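**Student:** Sequence:
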Amino acid sequence: MEMQDEIRIEAPRTRVYEALNDPEILKASIPGCEELTKTSDTELEAKVVLKIGPVKAKFGGSVTLDKSQAPGHFSLSGEGNGGVAGFAKGGADVELEEDGDATILRYTAKADVGGKIAQLGNRLISSTSKKLAGKFFENFKNEVEN
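The opening residue of the sequence shown carries number 0 in numbering that gives the first Met the number 0; numbering runs sequentially from there.
Simulated from the structure, these hints should not be mistaken for laboratory data. Heads up, some of the hints might be wrong.
To be verified - With a straight-line Cα cutoff of 30 Å, these simulated DSSO-like cross-link-like pairs (lysine-lysine) come out:
id, residue 1, residue 2
1, 37, 55
2, 88, 129
3, 37, 140
4, 55, 129
5, 50, 134
6, 140, 55
7, 55, 115
8, 88, 140
Stated by the list, open to error - Ranges of calculated distance between the beta carbons of each label pair, as one might list FRET restraints:
id, residue 1, residue 2, range
9, 137, 11, 15 to 21 Å
10, 4, 65, 16 to 22 Å
11, 107, 42, 18 to 24 Å
12, 113, 33, 20 to 26 Å
13, 33, 76, 19 to 25 Å
14, 107, 14, 21 to 27 Å
Just so it is clear, the structure is predicted and the values come from calculations on it, not from any experiment. Beta carbons: idealized from backbone N, C-alpha and C, even for Gly.
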């Protein structure tokens, strides 16, 4: 499945970029995030509890950042395992465009799930994914602007 959207954040691009690399801000922004640890300049480890329909699972996973085109563009990829619930893997391309004193953050994300979660059906997974992405960016915007 693929998702894309954009959000306007009332902060300069450098501040938004720094926030996207700040484990504390990301932890506060990710729905259900219990732990987020920076293991290197480009790698993070996370523990997240998610509920998708009737399935609630704790996922452990890793995220790798590609900052080669930063701060205007960067991408990330990751995968997580939720034990018997299944797995999730995916990535996102992020663009940060200056707009006066604000920043337009655009993203295109792709995700793939397997195991018990995949049996729930594409519509439920798709709607839950969009809801989680929306919640993340709403939380992230609040963290950066405050």
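**Student:** Take the hints in turn and mark each one as holding or not.
**Tutor:** Hint by hint, here is what the structure shows:
{"no.": "1", "hint": "37 - 55", "in the structure": "holds, 25 Å"}
{"no.": "2", "hint": "88 - 129", "in the structure": "holds, 15 Å"}
{"no.": "3", "hint": "37 - 140", "in the structure": "holds, 21 Å"}
{"no.": "4", "hint": "55 - 129", "in the structure": "holds, 17 Å"}
{"no.": "5", "hint": "50 - 134", "in the structure": "holds, 14 Å"}
{"no.": "6", "hint": "140 - 55", "in the structure": "holds, 26 Å"}
{"no.": "7", "hint": "55 - 115", "in the structure": "holds, 11 Å"}
{"no.": "8", "hint": "88 - 140", "in the structure": "holds, 24 Å"}
{"no.": "9", "hint": "137 - 11: 15 to 21 Å", "in the structure": "holds, 20 Å"}
{"no.": "10", "hint": "4 - 65: 16 to 22 Å", "in the structure": "holds, 20 Å"}
{"no.": "11", "hint": "107 - 42: 18 to 24 Å", "in the structure": "holds, 22 Å"}
{"no.": "12", "hint": "113 - 33: 20 to 26 Å", "in the structure": "holds, 22 Å"}
{"no.": "13", "hint": "33 - 76: 19 to 25 Å", "in the structure": "holds, 21 Å"}
{"no.": "14", "hint": "107 - 14: 21 to 27 Å", "in the structure": "holds, 22 Å"}
In summary, this structure violates none of the numbered hints.
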